[in-house]
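Chains E and R, in that order, are what the protein sequence lines are. Counting from 41, one number per residue, gives the positions in the first sequence under our numbering. Counting from 15, one number per residue, gives the positions in the second sequence under our numbering.
What the hints contain is simulated information worked out from the structure, not anything from laboratory work. Do not take every clue at face value.
Stretches of chain R that chain E covers, calculated by requiring three or more beta carbons in the stretch to come under 8 Å of a beta carbon on chain E [stated by the list, open to error]: (1) 93 to 103; (2) 115 to 127.
Simulated restraints, written as ranges between beta carbons of each label pair [said to hold, decoys possible]: (3) E:R147 to R:S124: 21 to 31 Å; (4) R:T26 to E:K111: 23 to 33 Å; (5) R:Q16 to E:G56: 29 to 39 Å; (6) R:S126 to E:Q90: 43 to 53 Å.
Since the structure is predicted, the reported quantities are computational estimates derived from the model, not experimental observations. In this text, a Cβ means the ideal position worked out from N, Cα and C, and glycines have one as well.
Listed below are the residues making up each chain.
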Amino acid sequence: DGGITQSPKYLFRKEGQNVTLSCEQNLNHDAMYWYRQDPGQGLRLIYYSQIVNDFQKGDIAEGYSVSREKKESFPLTVTSAQKNPTAFYLCASQRQGTEAFFGQGTRLTVV
Amino acid sequence: AQSVTQPDIHITVSEGASLELRCNYSYGATPYLFWYVQSPGQGLQLLLKYFSGDTLVQGIKGFEAEFKRSQSSFNLRKPSVHWSDAAEYFCAVRTQAGTALIFGKGTTLSVSS
Numbered sequence: 041d042g043g044i045t046q047s048p049k050y051l052f053r054k055e056g057q058n059v060t061l062s063c064e065q066n067l068n069h070d071a072m073y074w075y076r077q078d079p080g081q082g083l084r085l086i087y088y089s090q091i092v093n094d095f096q097k098g099d100i101a102e103g104y105s106v107s108r109e110k111k112e113s114f115p116l117t118v119t120s121a122q123k124n125p126t127a128f129y130l131c132a133s134q135r136q137g138t139e140a141f142f143g144q145g146t147r148l149t150v151v
Numbered sequence: 015a016q017s018v019t020q021p022d023i024h025i026t027v028s029e030g031a032s033l034e035l036r037c038n039y040s041y042g043a044t045p046y047l048f049w050y051v052q053s054p055g056q057g058l059q060l061l062l063k064y065f066s067g068d069t070l071v072q073g074i075k076g077f078e079a080e081f082k083r084s085q086s087s088f089n090l091r092k093p094s095v096h097w098s099d100a101a102e103y104f105c106a107v108r109t110q111a112g113t114a115l116i117f118g119k120g121t122t123l124s125v126s127s
């Protein structure tokens, strides 16, 4: 089945630690996105990529980094510079001119 | 800059009653418009979309939405709500030249029996 897979579903981070969230899609979509969701805030764009080896910052990129070495994969690293990383993270992909498809999300908690 | 406003944070309707969720956008031209639904702890599922043409669009699960250019609105409606419709609903826009979706802050729907 085609779709977007995010892993892990739950992730715990210690203070000062970097963690990486995985996002894989087999929809052959060119564009991929990372959003952060906090209660009452909607979804805010962290990073996006329209083609392999290229990506752009979204509205809240500070403290995050990404890579796009393969069309299918768009991992997000939450660095120690992100002071308030506890949130629900959603990955999406999109073919040009159509709607975005979302993964099931990763809930990150700082412990 | 584009923005999306969902004026209602939380709405409660009785099962079987009709529903309307409001969405207003700020953008100079006609954007692409979307409604997504999210169950707790899950990803987002597309309910319907408007790109062009007929301003009344039908979606999944019996939902529909109407694009009103004069009001910059794209309100979501359902004639008869079921308990399983309880969820969070997001309106989103994308410019025709843009790429990323811009989301409203969401409306939480509760359904009472």
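Compare the structure with the hints numbered earlier in the document and write down the numbers of the violated ones, lowest to highest. As far as the earlier hints go, 1, 4 are violated by this structure, in ascending order.
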